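S.K.: Starting from the known structure of chain A, fit chains B, C and D onto it as the hints suggest.
Protein chains: 4
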Amino acid sequence: MKVIMDLCVVPIGVGVSLSEYIVECHKVLKDSGLKTELHAYGTIIEGEWDAVFAAVKKCHEAVHEKGAPRITTTIKVGTRVDRDQTMEDKVRSVEENL
Amino acid sequence: MKVIMDLCVVPIGVGVSLSEYIVECHKVLKDSGLKTELHAYGTIIEGEWDAVFAAVKKCHEAVHEKGAPRITTTIKVGTRVDRDQTMEDKVRSVEENL
Amino acid sequence: MKVIMDLCVVPIGVGVSLSEYIVECHKVLKDSGLKTELHAYGTIIEGEWDAVFAAVKKCHEAVHEKGAPRITTTIKVGTRVDRDQTMEDKVRSVEENL
Amino acid sequence: MKVIMDLCVVPIGVGVSLSEYIVECHKVLKDSGLKTELHAYGTIIEGEWDAVFAAVKKCHEAVHEKGAPRITTTIKVGTRVDRDQTMEDKVRSVEENL
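Residue numbers (my numbering), protein chains in the order written: chain A, -13 to 84; chain B, -13 to 84; chain C, -13 to 84; chain D, -13 to 84.
Please keep in mind that the hints were generated in silico from the structure rather than gathered at the bench. All values derive from a computational prediction rather than experimental measurement. Hints should not be assumed to be uniformly reliable.
[Said to hold, decoys possible] The calculated DSS-like cross-link candidates involving lysine-lysine, where the alpha carbons are at most 30 Å apart (straight line), are:
id, chain 1, residue 1, chain 2, residue 2
1, A, K16, D, K21
2, D, K52, C, K43
3, D, K21, C, K43
4, D, K21, A, K21
5, A, K52, B, K43
6, D, K13, C, K(-12)
[Unchecked claim] Here are a few chain A residues that face chain D, going by a calculated C-beta distance under 7 Å:
id, residue
7, E6
8, Y27
9, K62
10, M73
11, K76
12, V80
No residue lacks a Cβ here, since even glycine has one placed at the ideal position from N, Cα and C.
Isolated chain A, as found in the complex (with noise of 0.2 Å):
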């Protein structure tokens, strides 16, 4: 089952400034070698529900050991069975359209 993912981990209790803490859970993201875009408010992230969910988890263990005492994610996450559709498929059917 294939998933297209919207990721935002919010590390807290780590001060105002949280990049340097994302920054790790990015560095899971590239080794995982996962299809990923980075926008403003998190990383959409495309790939097999297992893979996919085991780096989310693993950025947690990241972000954990960076020094995070907590963190609170905030995930969307789509599947569909009726066809196959890219991260840029969705992009472009909104544009096609506007």
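M.R.: Here is chains B, C and D on its own, set in the frame of chain A:
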């Protein structure tokens, strides 16, 4: 790693009434034995990371099997390594400060 | 246009314990007179669009005033024009199908 | 109060293909003159609180008018009072740490 999750599964392409599909997800959660609490915009789930996310995957599988061609899910998930906290603790800590 | 909202306000840069700040938001909601219900990962709010979103803005203002330099909030918000539905209806429609 | 928002509008009860409806929302955003950036699971919007949330309301109105009986929307919204930050700053601060 223990998590507290807020799970909101939205089947797409099945008409305007979703409860028949969402019930499939609740059957999965019930069978999982995880601690859950239904609210008006999702379900709170508490448990170990792997067990909770395995249940989320089964929810998607069950809702697709029921006939939904597409699903979009919104998840909030919290982990903390500084101390143990239950879903009741989270509500209580706000109520006590009110 | 009536809305049912799930609101989760996360103050950033105030340490690991957030309830003291989140309580400021709950005072705002109480003063608003809106129908609300607290759960372990947010608060359900029901009311007219403008009143509900005005309360959300006041929450951000109150939490900043309490001392939080940064806030990230996750909102789920539903509207429907086919029929009226309360937060209790939403829970009941799932429970009746279980 | 400036906000950076991630907006994801999901029309319900209109079948499996949503882009035709989501486009109505993008027309609203374009007309608003707000700074926006489309990604695969929503749109980033930057601007003053009132202008951004007025656009979100108009999106719901436009998508209902197009024929969607029901909408569920997921919003992430960030505010900060310590310093000014743009959507480009947020991406850059992560990329520079990578």
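S.K.: Are the hints correct? Go through all of them and say.
M.R.: Hints, one by one, checked against the model:
1. Proposed proximity of K16(A) and K21(D) is supported: the alpha carbons are some 29 Å apart, at most 30 Å.
2. Restraint check for K52(D) and K43(C): satisfied, since their Cα atoms lie roughly 28 Å apart, inside the 30 Å limit.
3. For the hint pairing K21(D) with K43(C), the CA-to-CA distance comes to about 20 Å; that is within 30 Å, so the pair holds.
4. With a C-alpha separation of about 26 Å, the suggested pairing of K21(D) with K21(A) holds against the 30 Å cut-off.
5. Taken as a hint, the K52(A) and K43(B) pair is honoured in the structure, with Cα atoms around 28 Å apart against an allowance of 30 Å.
6. Of the supplied pair hints, the one linking K13(D) and K(-12)(C) holds, its CA atoms being roughly 23 Å apart against a limit of 30 Å.
7. Interface hint at E6(A): satisfied, since its Cβ lies 6 Å from the closest Cβ of chain D, which is below the 7 Å cut-off.
8. Given the 7 Å rule on beta carbons, the hint for Y27(A) holds: about 4 Å separates it from the nearest Cβ of chain D.
9. Because the closest C-beta pair between K62(A) and chain D is about 5 Å apart, less than 7 Å, the hint holds.
10. Because the beta carbon of M73(A) sits about 4 Å from the nearest beta carbon in chain D, less than 7 Å, this interface hint is met.
11. Taken as an interface hint, K76(A) checks out: its beta carbon lies about 4 Å from the nearest beta carbon of chain D, inside 7 Å.
12. At about 5 Å, the closest approach between the beta carbon of V80(A) and any beta carbon in chain D falls short of 7 Å, and the interface hint on this residue holds.
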